[in-house]
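This is what each chain is made of:
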Amino acid sequence: EDQVTQSPEALRLQEGESSSLNCSYTVSGLRGLFWYRQDPGKGPEFLFTLYSAGEEKEKERLKATLTKKESFLHITAPKPEDSATYLCAVLDYNTDKLIFGTGTRLQVFP
Amino acid sequence: KAGVTQTPRYLIKTRGQQVTLSCSPISGHRSVSWYQQTPGQGLQFLFEYFSETQRNKGNFPGRFSGRQFSNSRSEMNVSTLELGDSALYLCASSARQGTTGELFFGEGSRLTVL
Chain X
1 EDQVTQSPEA
11 LRLQEGESSS
21 LNCSYTVSGL
31 RGLFWYRQDP
41 GKGPEFLFTL
51 YSAGEEKEKE
61 RLKATLTKKE
71 SFLHITAPKP
81 EDSATYLCAV
91 LDYNTDKLIF
101 GTGTRLQVFP
Chain W
1001 KAGVTQTPRY
1011 LIKTRGQQVT
1021 LSCSPISGHR
1031 SVSWYQQTPG
1041 QGLQFLFEYF
1051 SETQRNKGNF
1061 PGRFSGRQFS
1071 NSRSEMNVST
1081 LELGDSALYL
1091 CASSARQGTT
1101 GELFFGEGSR
1111 LTVL
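Same order as they appear, the protein sequences are chains X and W.
Going letter by letter, the first sequence gives residues 1 to 110 in this note's numbering.
Going letter by letter, the second sequence gives residues 1001 to 1114 in this note's numbering.
Quick caveat, the hints were computed from the structure, so don't treat them as lab data.
Beta carbons: idealized from backbone N, C-alpha and C, even for Gly.
Certain hints may be false.
What the hints assert, rightly or not - Derived DSBU-like pairs (lysine-lysine); straight-line CA-CA distance at most 35 Å: (1) 97/X x 69/X; (2) 63/X x 79/X; (3) 63/X x 1057/W; (4) 97/X x 79/X; (5) 1057/W x 42/X; (6) 1057/W x 59/X.
Said to hold, decoys possible - A few chain X residues that face chain W, going by a derived Cβ cut-off under 7 Å, partial list only: (7) 28; (8) 32; (9) 46; (10) 51; (11) 80; (12) 89; (13) 91; (14) 98.
Said to hold, decoys possible - Pair ranges (Cβ atoms, derived): (15) 1114/W x 28/X: 36 to 44 Å; (16) 28/X x 1054/W: 20 to 28 Å; (17) 12/X x 1013/W: 43 to 51 Å; (18) 1096/W x 58/X: 19 to 27 Å; (19) 20/X x 1062/W: 36 to 44 Å; (20) 1112/W x 1/X: 24 to 32 Å.
Can you make the complete structure from the sequences, with help from the hints?
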């Protein structure tokens, strides 16, 4: 059965303190791995798509990487406005369904 | 360009009632999918529609149903509401014909069942 596990559940950082969020997955056929950001009271906002091991994508202070079993979202020198819940999702070739992890709630303090 | 619009944003129902939620996708998007989000379970896939046809369905009971109209607008219905149906219901649209993870979400309809 497809599974997506995100860690840690919550992360508190000081402004400027870099860190990484983890998304590990079990899927029979990975069609793509996706990162989203969700602010309180809002719907998720799409950030990145990764298709194959070794692939990397960057956007401002965020960089997403992918291996055969997990993905990392690296946050470099975060700012308070980066505070949000970050969601990871995988799309399985066989089921054609998007499976989400439960997210990492990131708080960045000035 | 207007985003995905969901109505109503908030609603309160009692057990046994039914509810209909509406979703207007981004103009030109023909794929609409629905998700249920709860604190314990995260986002769970309900169903996906493309050109008025249900293309995929999640593991939810038959009380959950949906449809898509010719203008790509979509509705989902939950009958015989239970307390556990309290959740944020999110609609997402996509311009792609095939299933994709690159979705544009609305702000959701928050349903409370008393």
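Contradicted hints - numbers only: 7, 10, 11 and 17
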